[in-house]
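Colleague: Sequence:
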Amino acid sequence: MRWTLAVLLCLAIGGGTGYGITTLQRGRLPGLHTASDGRWAFPRTAPPALQPGEPLPGDRRANPAGRHFAALGGLLVPLPRGAVREATARGGAVPTLLALYQPGGRTKMSAAISEERLRSSAAEAWSMPDGTHTVVVLLQAKTGAEAESLLTEHLDVRSMDTPTLAKAAEVRSDDDEQTIAPHSAKAIAYAEAEPYGDEQVRIAYSVMGDTVAVVAQWHRAYTPPLPFHQTAVLQNRLLA
125 MRWTLAVLLC
135 LAIGGGTGYG
145 ITTLQRGRLP
155 GLHTASDGRW
165 AFPRTAPPAL
175 QPGEPLPGDR
185 RANPAGRHFA
195 ALGGLLVPLP
205 RGAVREATAR
215 GGAVPTLLAL
225 YQPGGRTKMS
235 AAISEERLRS
245 SAAEAWSMPD
255 GTHTVVVLLQ
265 AKTGAEAESL
275 LTEHLDVRSM
285 DTPTLAKAAE
295 VRSDDDEQTI
305 APHSAKAIAY
315 AEAEPYGDEQ
325 VRIAYSVMGD
335 TVAVVAQWHR
345 AYTPPLPFHQ
355 TAVLQNRLLA
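Numbered as in this note's numbering, the sequence shown ends at 364 without a single skipped number.
Hints in this document: simulated from the structure, not taken from any laboratory.
None of these values were measured; they are calculated from a predicted model.
One should not assume that every hint holds.
Said to hold, decoys possible - Straight-line C-alpha distance at most 20 Å; calculated EDC-like pairs for lysine to aspartate or glutamate:
{"hint": "1", "residue 1": "K310", "residue 2": "E277"}
{"hint": "2", "residue 1": "K232", "residue 2": "E272"}
{"hint": "3", "residue 1": "K232", "residue 2": "E270"}
{"hint": "4", "residue 1": "K310", "residue 2": "E272"}
{"hint": "5", "residue 1": "K291", "residue 2": "E323"}
{"hint": "6", "residue 1": "K291", "residue 2": "E318"}
{"hint": "7", "residue 1": "K291", "residue 2": "E210"}
{"hint": "8", "residue 1": "K291", "residue 2": "D322"}
{"hint": "9", "residue 1": "K266", "residue 2": "D254"}
{"hint": "10", "residue 1": "K266", "residue 2": "D183"}
{"hint": "11", "residue 1": "K310", "residue 2": "D254"}
{"hint": "12", "residue 1": "K310", "residue 2": "D183"}
{"hint": "13", "residue 1": "K266", "residue 2": "E318"}
{"hint": "14", "residue 1": "K232", "residue 2": "D183"}
{"hint": "15", "residue 1": "K266", "residue 2": "E178"}
Please take these sequences and the hints and turn them into a complete structure.
Modeller: Below is the structure:
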């Protein structure tokens with residue numbers, strides 16, 4: 125399959141995006157919901173409290189390894205209002221991630237991201253009343269450098285050798301790929317290229333400190349970009 129080169133982002137969430145979380149302090153993340161524009165209503169969210177002296181992953185001076193000291197499961201984006209949790213993620217984060225790809229590419233990926241390489245992992249999956257399905261996977265490496273390597277060398281969505289997504293034969297750079305990652309995070313977003321079949325897939329990869337986040341979403345016929353970007357923004361903000 126042909127993969128279009130994505131743009132690697134290192135962007136702060138800026139004004140005009142409508143997400144409204146740039147000036148909020150850690151622990152005061154809103155649900156990022158505007159009823160009139162189709163966004164989902166996420167619960168007001170706060171990252172787990174840190175112990176005194178534990179730095180944030182983006183503090184390169186105090187935390188050069190980019191370590192997340194909070195439990196990884198507490199950093200998963202919560203389910204939005206109306207969502208139904210799916211059993212997809214119950215088998216573990218790595219199998220949940222591998223299931224997004226065609227079976228032929230899973231063995232190589234599994235070897236690269238085996239549990240022995242990770243400090244921790246977590247996953248969540250849900251469906252919405254309109255039929256949109258979402259999978260979120262967090263993979264925590266030992267250091268920020270290892271997390272970046274995991275993304276760029278093994279998940280490597282820009283490579284011709286990247287396993288094909290199970291639900292998408294071809295993807296392109298997301299035309300609306302903007303500001304999905306906060307300061308200090310890097311992100312790549314893709315949308316399934318037309319013509320697509322019964323469903324369209326969108327997928328975003330980001331790395332913040334020692335953790336790689338994968339957000340995948342699909343819906344029959346067409347996957348609206350706004351809930352996808354909203355989910356990716358909130359997940360990345362929780363990791364910041």
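Colleague: Each hint should be assessed against the structure and marked as holding or not.
Modeller: We went through each hint and held it up to the structure:
1. Distance restraint check for K310 and E277: the Cα-Cα separation of roughly 15 Å lies within the 20 Å cut-off, and the hinted pair is therefore satisfied.
2. For the hint linking K232 to E272, the alpha-carbon distance of about 18 Å falls within 20 Å, and the restraint holds.
3. Taking the CA atoms of K232 and E270, the gap is near 18 Å; set against the 20 Å cutoff, the hint holds.
4. Restraint check for K310 and E272: the C-alpha separation of about 9 Å stays at or below 20 Å, so the hint holds.
5. For the hint linking K291 to E323, the alpha-carbon distance of about 7 Å falls within 20 Å, and the restraint holds.
6. This hinted pair checks out: K291 and E318 have alpha carbons roughly 13 Å apart, not beyond 20 Å.
7. A C-alpha spacing of about 18 Å is found between K291 and E210, which places the hinted pair at or below 20 Å, so the restraint holds.
8. For the hint linking K291 to D322, the alpha-carbon distance of about 9 Å falls within 20 Å, and the restraint holds.
9. Taking the CA atoms of K266 and D254, the gap is near 38 Å; set against the 20 Å cutoff, the hint is violated.
10. Between K266 and D183 the CA atoms are separated by roughly 16 Å; this keeps the pair inside 20 Å, and the hint holds.
11. In summary, the hint linking K310 to D254 is not supported, as the alpha carbons are separated by about 30 Å, beyond the 20 Å threshold.
12. With a C-alpha separation of about 15 Å, the suggested pair K310 and D183 falls inside the 20 Å cut-off, and the hint holds.
13. Simply put, K266 and E318 have alpha-carbon atoms about 38 Å apart, too far for the 20 Å limit, and the pair is violated.
14. At roughly 33 Å between alpha-carbon atoms, K232 and D183 are farther apart than 20 Å, so this suggested pair is violated.
15. Under the criterion of a C-alpha separation no larger than 20 Å, the hint pairing K266 with E178 is consistent with the structure, at around 16 Å.
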